[in-house]
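Here the sequence shown stands for residues -27 to -1, 1 to 194, where the numbers follow mature numbering (1 follows the signal peptide of the UniProt record, and there is no 0).
If you are wondering where the hints come from, they were derived from the structure by calculation, not from laboratory data. Where a beta carbon is used, it is the ideal one built from N, C-alpha and C, also for glycine. Relax, there's no trap hidden among the hints.
If you anchor each label on the Cβ, the simulated ranges turn out as follows:
{"no.": "1", "residue 1": "121", "residue 2": "99", "range": "32 to 38 Å"}
{"no.": "2", "residue 1": "21", "residue 2": "155", "range": "24 to 30 Å"}
{"no.": "3", "residue 1": "4", "residue 2": "162", "range": "32 to 38 Å"}
Restricting the straight-line Cα-Cα distance to at most 20 Å, the calculated cross-link-like pairs of lysine to aspartate or glutamate (EDC-like) are:
{"no.": "4", "residue 1": "168", "residue 2": "157"}
{"no.": "5", "residue 1": "168", "residue 2": "80"}
{"no.": "6", "residue 1": "112", "residue 2": "170"}
{"no.": "7", "residue 1": "112", "residue 2": "35"}
{"no.": "8", "residue 1": "168", "residue 2": "117"}
{"no.": "9", "residue 1": "168", "residue 2": "73"}
{"no.": "10", "residue 1": "112", "residue 2": "80"}
{"no.": "11", "residue 1": "112", "residue 2": "165"}
{"no.": "12", "residue 1": "168", "residue 2": "134"}
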Amino acid sequence: MAKSFRLFRQIFLVGTSAACLGSPSLAADGAIASRPVEHMATAETPAVHILGAEARLLRSTEGATMTLRTSELTPGHVTTAWWVIMTQPENCSASPCTAEDVIGRAEEVGTQIVYADGVVNQPDGTAAFAAFLAAGDVKNGWFEQSFDAPSNAEIHLVLNDHGPLIPEISASMLTSYRGGCRGDSLPPPFPDTAKADGIEGPNECRLIQDAIFSAPASRAN
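Construct the entire structure; sequences and hints are all you get.
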């Protein structure tokens, strides 16, 4: 698994052609899928693609490997990346699965959410993330849901802004959901496992960007 992750990351860091940036999100096991990164949609604004930002995903029977490069972040802020997985996307109300599906119908759609990576944004507002999630039981996930069939899952890669780095609690900010943030800045519908994850601080947490990969075995864009 470690060898597979290193090879995937090397391929990603070499770079891709412009054509690859527009390739579909569906890919069979062993094939790399590529998706644009977007500013997340809100009640007032639609999702907006970020020029040059890209996420890539490799699925296998062993698990899933991701890399994500993006920009238009706030320099010096901490950003964490999260696996948001629907293991039964056929039960979602729409394709791709909606926020209401992910949290409000978590048991029905088989949601699992777990930490992927964390960084301090570069002075130019860029950041790069990489992570591997093994198939099977998920440690420290928000829900009691295993990740048994990576090829059947819909996978969203979601970025959370934790605000400016606070040196005294930097480790918590870089490795948890709540780290550095006020409890009242977290979405009320989120489970207690999320709200208790990390050391509370004075900052505001905001979900800011995402990339969405449909399930090759069951979904199409």
